[in-house]
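A.B. asks: Sequence:
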Amino acid sequence: MARHDMQDFPVTPDTSRAFRDVLGHFATGVVVVTAKGPRGPVGITANSFTSVSLDPPLVLWCAAKRSER
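According to this note's numbering, the residues represented by the sequence shown are 860 to 928, in order.
No wet-lab data here; the hints were simulated from the structure. One or more hints might be untrue.
For each label pair, taking beta carbons as the anchor points, the in silico distance ranges come out as [unchecked claim]:
no.: 1; residue 1: T874; residue 2: K924; range: 18 to 26 Å
no.: 2; residue 1: L919; residue 2: G896; range: 16 to 24 Å
no.: 3; residue 1: P872; residue 2: G902; range: 29 to 37 Å
no.: 4; residue 1: P897; residue 2: T871; range: 16 to 24 Å
no.: 5; residue 1: P915; residue 2: V890; range: 26 to 34 Å
no.: 6; residue 1: V911; residue 2: V889; range: 31 to 39 Å
no.: 7; residue 1: N906; residue 2: A877; range: 19 to 27 Å
no.: 8; residue 1: R925; residue 2: T874; range: 17 to 25 Å
These figures come from a predicted structure and were not determined experimentally. Beta carbons: idealized from backbone N, C-alpha and C, even for Gly.
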């Protein structure tokens, strides 16, 4: 798992275009969302993934209320 802070990805016209191009190739499917929690790495498989904003670069994924975590 890699760690990325927003300062690692400055928003420029080139990075915004690259982010848009990458998300444009993702029509639908399954993604694995990962993060580092207090007890170590955690992840969830989701099929509700969409882009929200180019500046700042944001994505959205949703978990069901009944999900275990």
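A.B. asks: Could you tell me whether the CB distance from N906 to A877 stays inside 19 to 27 Å?
C.D. replies: The hinted range 19 to 27 Å holds for N906 and A877, with Cβ atoms some 24 Å apart.
A.B. asks: For the range 31 to 39 Å, tell me whether the beta carbons of V911 and V889 fit it or not.
C.D. replies: Violated, since V911 and V889 (Cβ atoms, about 19 Å apart) do not stay within the stated range.
A.B. asks: Range first: 29 to 37 Å. Now tell me if the beta carbons of P872 and G902 are that far apart.
C.D. replies: Holds: the Cβ-Cβ distance is about 32 Å, inside 29 to 37 Å.
A.B. asks: Do R925 and T874 keep their Cβ atoms within the hinted range of 17 to 25 Å?
C.D. replies: violated, 37 Å
A.B. asks: Honestly, do P897 and T871 meet the 16 to 24 Å range at C-beta?
C.D. replies: violated, 34 Å
A.B. asks: Do the Cβ positions of P915 and V890 conform to the proposed distance bound of 26 to 34 Å?
C.D. replies: With Cβ atoms ~19 Å apart, the hint is violated.
A.B. asks: Is 18 to 26 Å right for how far apart the beta carbons of T874 and K924 are?
C.D. replies: violated, 35 Å
A.B. asks: Could you say whether the range 16 to 24 Å given as a hint is met by the Cβ separation of L919 and G896?
C.D. replies: holds, 19 Å
Of the hints listed earlier, those the structure fails to meet are numbers 1, 4, 5, 6 and 8, in rising order.
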